[in-house]
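Peer 1: Be aware that the sequence shown starts at 41, since it is given in this note's numbering, and climbs by one per residue.
Check each hint, because a few of them may be wrong.
To be verified - BS3-like cross-link-like pairs, simulated, lysine-lysine; straight-line CA separation at most 25 Å: (1) K57 with K82; (2) K417 with K397; (3) K50 with K311; (4) K476 with K286; (5) K152 with K397; (6) K141 with K412; (7) K57 with K311; (8) K476 with K50; (9) K417 with K286; (10) K144 with K57; (11) K412 with K311; (12) K286 with K50; (13) K151 with K286; (14) K412 with K397.
I should point out that these hints are in silico values taken from the structure, not numbers from a laboratory. None of the values given here were measured: they were computed from a predicted structure.
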Amino acid sequence: MLTSIANIFKIPELRNKVFFTLGMLLLFRLGTHITIPGIDPKVVSAIALDANAAEGLVGMFDMFAGGALLNFSIFALGIMPYISSSIIMQLVMVLVPSLQKLQKEGEEGRKKIGQYTKYGTILLCGVQSLAVIRLAQRWSYGADNTPALHPGLIHSSVESWFFFIALLSITTGTVLLIWLGEQITERGIGNGISLLIFAGIVGRLPVSVAQLFRENFVDGLNIIILLLLFILLISLTVLLTQGVRKVPLQYGKQMVGRRMVQAKSQSIPFKVNGASVMPIIFASSLLLFPQTIIQQIAELPNWAGWVVLLDYLNPFSQIWYHAAFYFFVYIALIVFFAYFYTAIQFNPTELAENLRKYNGFIPGIRPGSHTKEYIEKVLNRITLPGAVFLAGLALAPYIIIRFLDLGTNSGGGSLVYTFGGTSLLIMVGVALETLKQLESQLLMRNYDGFLKKSKIKGRS
């Protein structure tokens, strides 16, 4: 491992790519601290010390934005509008035949789909930035009978223009992040968008660690237990990310020159967690959205039952069956979306048809409808344990916080959220993919004669 890292910096071209990528990520981290024009940085500093500011849906989006949301930065929305637009485009392509045809047209078709995705990103930025603007206005001025949580957040000199300034700044910030991601992909080590999300999540770690050691109730035993649990969760996440079920394939004899030659046996690797982190994101959003709405309604003097409903959506409820209801719904949603997203990604009918077209077959399975049914059975069997495993990772932060009696918004709680569920899967997935990218670059240059003394083995 150390030899491979040293080899990266021995090759000028690869070294430049690494430094370029680090420079772009540094620009991103600096941008998260540049506030929207009209926002008072002193009040923003006070918000960072408010333990209740990062609750619910706001805390979830702030985690993916690398802390830029609660900093009311120009990167407040992070890269998430682009991710959301990409997901919507994937769903729409399943329903619209013209987009499916466009996808099959090669590079030009993919460029057009990329343009549509960017247009959708700008539209989503316009909608989502309204929520950021409304949050800033509510915290600065208050709402209805609710007093202002952070008066003076919006400077009085820009009150009348703040809406347009913030809308333009936030949208431009997200477009700039897309450009940074594309530059990393083209001129850096690749996976630009994923690396920006990775940098945002990792960027919060120093703050969480510092907050953990500043707290009075920090227990040395709890820190050791947390460290061991983090190692265990990372190991399990790597297993889940790398786990595949290989279905063997055989192809008929092919004419090579003047002889008929039997083609080599191959296999189709189906991932145990084919849906990646999407089921957790969808499930969390569906649960956090009504929770946020009910929180707003519960502040009004309407009906006391809202508080009870809100408690059913609280994983840390003191009433055990309220928390159990939340966990049951959360697990059910993750399992459902795991099957749903896998069904969108894999089309057994199309796969079986392609195999028959290229004279391929699964040993012991007849081509056509029998192959389609077999692939569906394999996908259903491996998706269920993968979804249950995924649900276990998603629930791990809540269980650890309850077991170790950590505060949900404390430094320990923040660290647990970082090393559990969505963020951990993203970090591990991006780290593994980046390692593969670097290793392929090293192997390519070794093949060309750049590295004659060392021999780097690829991952199987």
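Peer 1: Which numbered hints does this structure break?
Peer 2: 1, 3, 5, 7, 10, 12 and 13
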